[in-house]
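**Student:** Single-letter residue listing:
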Amino acid sequence: MGSSSSNLNTIPNSQELMQETGFSAAHLLRLYERFEFLDKDNKGHLRPEDFEAVQELSTNPIGDIIIGSFFSPGQETVDFPSFVRILAHFRPAEKNRTRDGAQPEPANSSTGKLKFAFQLYDRDRDGKISREELLQVLRAMLEMQVTEEQLESMAERAIQEADLDEDDAISFDEFKKSLEKVNIDHKMSIHFMK
Amino acid sequence: MLLLLLPAAAPADLCGTGSPGLGSSPPVLLLPQPGPEEFGAPGVASARSAAEEAAGPGEAEEDGAEHHHHHGGGFRVVQWEWNYVQTPYIIAIWLLVASVAKILFHFSQRFTTVVPESCMLILLGLVLGGIVLIANKKQLYQLDPALFFLFLLPTIVGDAGYFMPARLFFDNLGAILTYAVVGTLWNAFCTGFCLYAAKLLGIIGHHVQADLMDFLLFGALISAVDPVAVLAVFEEVHVNETLFIIVFGESLLNDAVTVVLYKVYISFVEVGGANVLTADYFKGVASFLIVSIGGTLVGLVFAVILGFVTRFTKKVRIIEPLFVFLLVYLAYLTAELFSLSAILSMTFCGIGANKYVEANISQKSRTTIKYTMKNLASIAETIIFIFLGISAVDKSKWAWDTGLVSCTLVFIFVFRAMGVVGQTWVLNRFRLVPLDKIDQVVMSYGGLRGAVAFALVVLLDGEQVKAKDYFVATTIVVVFFTVMFQGLTIKPLVKWLKVPRATNRKPTINEEIHERAFDHILTAVEDIAGLQGYHHWRDKWEQFDRNYLSKLLLRKSVYRKSELWEAYQKINIRDAISVIDQVGPSKKSIYLSIYISKKNFHLTLFATVLLVCSRRENGSGVCLDLQVIDNVPGSKVVEDMETHHVLAGNLYKPRKRSHYSRHFMPLGEKERQDREVFQRNMRIRMETYKSSRHKRHKKERSMKKVRQIHMSVVTKKNFQAALDVCQSPSAAPSSPPTEDSHLPWKGGVGLPPPCVSVEATKIIPVDLQQAWNQSISSLESVSSPPASTEPVHPRVSALSRLGGPRPASYTAPSTTVSSTTSIGAPAPQSSFCFPEKKKKKMQEEEEEEEEPGASQEMQPLMLPVRPPGLLPPPSPPLPPPGPGRRRNPCVYLRSLVAAPPPASGDLHSRRPTQL
Numbered sequence: 001m002g003s004s005s006s007n008l009n010t011i012p013n014s015q016e017l018m019q020e021t022g023f024s025a026a027h028l029l030r031l032y033e034r035f036e037f038l039d040k041d042n043k044g045h046l047r048p049e050d051f052e053a054v055q056e057l058s059t060n061p062i063g064d065i066i067i068g069s070f071f072s073p074g075q076e077t078v079d080f081p082s083f084v085r086i087l088a089h090f091r092p093a094e095k096n097r098t099r100d101g102a103q104p105e106p107a108n109s110s111t112g113k114l115k116f117a118f119q120l121y122d123r124d125r126d127g128k129i130s131r132e133e134l135l136q137v138l139r140a141m142l143e144m145q146v147t148e149e150q151l152e153s154m155a156e157r158a159i160q161e162a163d164l165d166e167d168d169a170i171s172f173d174e175f176k177k178s179l180e181k182v183n184i185d186h187k188m189s190i191h192f193m194k
Numbered sequence: 001m002l003l004l005l006l007p008a009a010a011p012a013d014l015c016g017t018g019s020p021g022l023g024s025s026p027p028v029l030l031l032p033q034p035g036p037e038e039f040g041a042p043g044v045a046s047a048r049s050a051a052e053e054a055a056g057p058g059e060a061e062e063d064g065a066e067h068h069h070h071h072g073g074g075f076r077v078v079q080w081e082w083n084y085v086q087t088p089y090i091i092a093i094w095l096l097v098a099s100v101a102k103i104l105f106h107f108s109q110r111f112t113t114v115v116p117e118s119c120m121l122i123l124l125g126l127v128l129g130g131i132v133l134i135a136n137k138k139q140l141y142q143l144d145p146a147l148f149f150l151f152l153l154p155t156i157v158g159d160a161g162y163f164m165p166a167r168l169f170f171d172n173l174g175a176i177l178t179y180a181v182v183g184t185l186w187n188a189f190c191t192g193f194c195l196y197a198a199k200l201l202g203i204i205g206h207h208v209q210a211d212l213m214d215f216l217l218f219g220a221l222i223s224a225v226d227p228v229a230v231l232a233v234f235e236e237v238h239v240n241e242t243l244f245i246i247v248f249g250e251s252l253l254n255d256a257v258t259v260v261l262y263k264v265y266i267s268f269v270e271v272g273g274a275n276v277l278t279a280d281y282f283k284g285v286a287s288f289l290i291v292s293i294g295g296t297l298v299g300l301v302f303a304v305i306l307g308f309v310t311r312f313t314k315k316v317r318i319i320e321p322l323f324v325f326l327l328v329y330l331a332y333l334t335a336e337l338f339s340l341s342a343i344l345s346m347t348f349c350g351i352g353a354n355k356y357v358e359a360n361i362s363q364k365s366r367t368t369i370k371y372t373m374k375n376l377a378s379i380a381e382t383i384i385f386i387f388l389g390i391s392a393v394d395k396s397k398w399a400w401d402t403g404l405v406s407c408t409l410v411f412i413f414v415f416r417a418m419g420v421v422g423q424t425w426v427l428n429r430f431r432l433v434p435l436d437k438i439d440q441v442v443m444s445y446g447g448l449r450g451a452v453a454f455a456l457v458v459l460l461d462g463e464q465v466k467a468k469d470y471f472v473a474t475t476i477v478v479v480f481f482t483v484m485f486q487g488l489t490i491k492p493l494v495k496w497l498k499v500p501r502a503t504n505r506k507p508t509i510n511e512e513i514h515e516r517a518f519d520h521i522l523t524a525v526e527d528i529a530g531l532q533g534y535h536h537w538r539d540k541w542e543q544f545d546r547n548y549l550s551k552l553l554l555r556k557s558v559y560r561k562s563e564l565w566e567a568y569q570k571i572n573i574r575d576a577i578s579v580i581d582q583v584g585p586s587k588k589s590i591y592l593s594i595y596i597s598k599k600n601f602h603l604t605l606f607a608t609v610l611l612v613c614s615r616r617e618n619g620s621g622v623c624l625d626l627q628v629i630d631n632v633p634g635s636k637v638v639e640d641m642e643t644h645h646v647l648a649g650n651l652y653k654p655r656k657r658s659h660y661s662r663h664f665m666p667l668g669e670k671e672r673q674d675r676e677v678f679q680r681n682m683r684i685r686m687e688t689y690k691s692s693r694h695k696r697h698k699k700e701r702s703m704k705k706v707r708q709i710h711m712s713v714v715t716k717k718n719f720q721a722a723l724d725v726c727q728s729p730s731a732a733p734s735s736p737p738t739e740d741s742h743l744p745w746k747g748g749v750g751l752p753p754p755c756v757s758v759e760a761t762k763i764i765p766v767d768l769q770q771a772w773n774q775s776i777s778s779l780e781s782v783s784s785p786p787a788s789t790e791p792v793h794p795r796v797s798a799l800s801r802l803g804g805p806r807p808a809s810y811t812a813p814s815t816t817v818s819s820t821t822s823i824g825a826p827a828p829q830s831s832f833c834f835p836e837k838k839k840k841k842m843q844e845e846e847e848e849e850e851e852p853g854a855s856q857e858m859q860p861l862m863l864p865v866r867p868p869g870l871l872p873p874p875s876p877p878l879p880p881p882g883p884g885r886r887r888n889p890c891v892y893l894r895s896l897v898a899a900p901p902p903a904s905g906d907l908h909s910r911r912p913t914q915l
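Protein chains in written order, with the working numbering: chain F, 1 to 194; chain C, 1 to 915.
Simulated from the structure, these hints should not be mistaken for laboratory data.
Ideal placement from N, C-alpha and C gives every residue a C-beta, glycine not left out.
Worth double-checking, as some hints may not be accurate.
Claimed, not checked - Dumping the calculated EDC-like pairs for lysine to aspartate or glutamate here, alpha-carbon to alpha-carbon at most 20 Å: (1) C:K506 x F:E161; (2) C:K570 x F:D126; (3) F:K181 x C:E241; (4) F:K177 x F:D126; (5) C:K495 x C:E236; (6) F:K176 x C:E515; (7) F:K177 x C:E515; (8) C:K370 x C:E235; (9) F:K115 x C:E235.
What the hints assert, rightly or not - Per label pair, the in silico range of CB-to-CB distance: (10) F:E36 x C:H238: 23 to 33 Å; (11) F:Q55 x C:L168: 22 to 32 Å; (12) F:D165 x C:H238: 31 to 41 Å; (13) C:Q109 x F:N183: 54 to 64 Å; (14) C:A166 x F:Q55: 20 to 30 Å; (15) F:R125 x C:E563: 23 to 33 Å; (16) F:D165 x C:Q109: 49 to 59 Å; (17) F:E36 x C:P492: 32 to 42 Å; (18) C:L326 x F:Q55: 50 to 60 Å; (19) F:E76 x C:I577: 22 to 32 Å; (20) F:E132 x C:Q543: 48 to 58 Å; (21) C:P492 x F:Q55: 49 to 59 Å; (22) C:F111 x F:N183: 28 to 38 Å.
Claimed, not checked - Derived coverage of chain F by chain C (criterion: at least 3 residues anywhere in the stretch with Cβ under 8 Å from a Cβ of chain C; other residues may be distant): (23) 60–68; (24) 86–93; (25) 150–160; (26) 177–187.
Please build the complete structure, drawing on both the sequences and the hints.
**Tutor:** Laid out in structure tokens, this is it:
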């Protein structure tokens, strides 16, 4: 690990980042390499164009939405710590982590994962997935395969199903509730390789 | 030749299982007596003849000769043609016995929840075998390996493969393969070597003549977890899917390992352990690769063929299931032909083809395949277990050695546990969701051995393997121990360990949507993070599938369908079916029940279910809305009339002469009606409502596609009829336009062209539904205190009013309803519980309601001639909505209590303006 620890020094605040996100040094290093690879002109931050340069993302129906989620509202760039923090959502949850109540919910808890997914839908970040927002995602996912009418009926039904307080939108709690039977740890985790 | 069939079992069981114990002995005792009354009790006679036939060559000939003497000379009116029908007859009797046995087991509900069926079947087999043994002094049959491998096993594997949850399987493929290959090898070698060690140590008796190779061979065949046993036991235990798929997947995929090890050792035993060359070991490894990969490839090739063939069965729907069975079975046989792993081949054929076949074939074929496969698999399983029991009784094939038996039992259990723990430890470093200790316990304990091991051990050549009899006995004990003891105790164990159980829950639409989104998210994140992980490759595969495979294997009509949309429709259909199931076949009641059974009633549920007022799918909601809030009695009358109109005109066609066709399944009257309505509903949803009378031809064309997707064989004629109906009734030739104009939502839009009614359904619901929901919620919140005497569920009251258009027969529902008031409070699930009492009440009313309709049902209202009595006063122009007119005091009261919320007020005001 000699080489990696020497490289680790090039990453600003690496220790804090590791602490915060739970990534190991090797992971962090790998992500840093990736970050630098994406950051074509060594600006030290990524712009949406840098993400769009990733070939595979162009075939991903909701690629744009996901890229958007890397940028906090109003910001045009994402730096390495934010980049890592977002990816940290997808770290598999530790089975037996010791948590004291004071500690904030880690990003890779199932709530953290759900939060990330939720704000993918919730584009205007008002804490609710409106019918329009759901439709947008559905439209992107289904592409041209179904008619608008069908999309609407689907969105309608999804909202009807999840909407408990009948405000015609899905709040985070409702979102969480509608997915409570799903193994989020499983469905929203990636195996980060060394 | 199915010589294994047990002769006496048939009649013996038919009485024997009915009165277990000695009741069955008399017929059996008849068996040895010579005295073939030719026209005696057929069961006894058949059994007797079977006994004669099968009693070994010498005896059979003798008896046969004797038999023929009786036939000597002349023409006889009735002839005894046993030889002619023997084989199929015995098979049929066997199936009958097995099935009757199952029925009998399930008589006692409590018993079957404790004792797995497989245990019962083995016990039954033991009893039957014992009876035969007592009767004949000789056990005649046992599980014949050829029959097992060629017929019984494929039915089970085919079922398992075809209905394998593919996503789950591939998600866990790594773990499954590890357990199947490494685990089985580990078990085989360790068991073999340790048995050999035990033999050297003298624990196993000297009379067991076996050397290392024999023990390794035995270890190989005894170590593989058995798919039949695992399925039989685990299906009753309901552990969570991941656990199940790992154990079951392992049991399927270890086939390649078992086959190769078995064959390799057999050849080693034949040449003798000393003569084995080093090269032979490498050959063994090569053989393993060929057998497993070759088997998989054969399966995949057949999967492609199957998918491709079903693309073109549009005109011959009736043989679709046949293709599936044949090609899946051919995959198995072909793999056997090349001595590849047949189980692997069949499994992958099933997994691979499922997606495309299911998309291509009709709904009916899907159902047929499902039930036939389950049926066959169930029968095969039954026969296997019964025969295992019967075979165990056969003492001549046995040689008992306590040391061998106990050592084997201990070793397979210990090594299974060690293997599982070791492999899981390694696997957990790579798994996203690690398998915890409880999972490991269940996996170790669930390592059941079964009929495959038994068939393999029976196949051993007694000349080569001297200790065959010992091995047979040991295998039987092992199989019995694992299936009976472990099978019996695994359920309590799972309960005690609190293993997460499988939920029998189907995914909701939210889950479907979000999980797909998650997949995309993960893929994107992997791409962004530059990881070429599982999701990356899965996505690649899906693209390949979409771009090439699906194009090749799917019909054009289904090719463009989105999976999510399909899933959505499935959910709708399922809901619809559950609603129908809940309420029973009465159409009216379905119509009514929707209001009670769903709180947030779903537009699309309507679209699917609404058997009565299909055309008004959303409109009915509006109509209800009006009644709840505004209570327009006039609209009620009109609506009711309308209902009858739709019912009579669209659903009930003049009876046609039904003709028999071998190539097309004639649909039952009722079925056809349902189908039509169903199609119509789906069509309405799927079309963009642009349709109108003027675009009818265009619509018809586009609808043909739709028709294919849903539901089967509707003849052109029916379709046309359905289409007619699907337009508004005024589009239908002779339906009186007056009625439509009275319907509130139609009248509102105006009388103009007939297309409006279709348009109206589109326009109104989207906004009104919202309003309706809001009003409902506000109503509920007002009236939620349990002390309230009024019905909390507005739908209930609406319902009761729907049920009683005639004041005379109408009884206010407040008494029945008030009892349910407290449940009706805003708690979301409350609306789904559906009190018996209320339901009954409802149905009574419905029945009442249906009576007048019944007479007219056969008389299409579309015909110009109408029984006058059926028409409610044809032109009560819609009376102005006013509270004073309501018939239901409760609703009236409520509407007074609950000041109409803004939304409903909105609605209220909108309605009249439209009117």
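**Student:** Okay, which hints does this one fail, numbers in order?
**Tutor:** Violated: hints 2, 9, 10, 13, 16, 17, 18, 19, 20.
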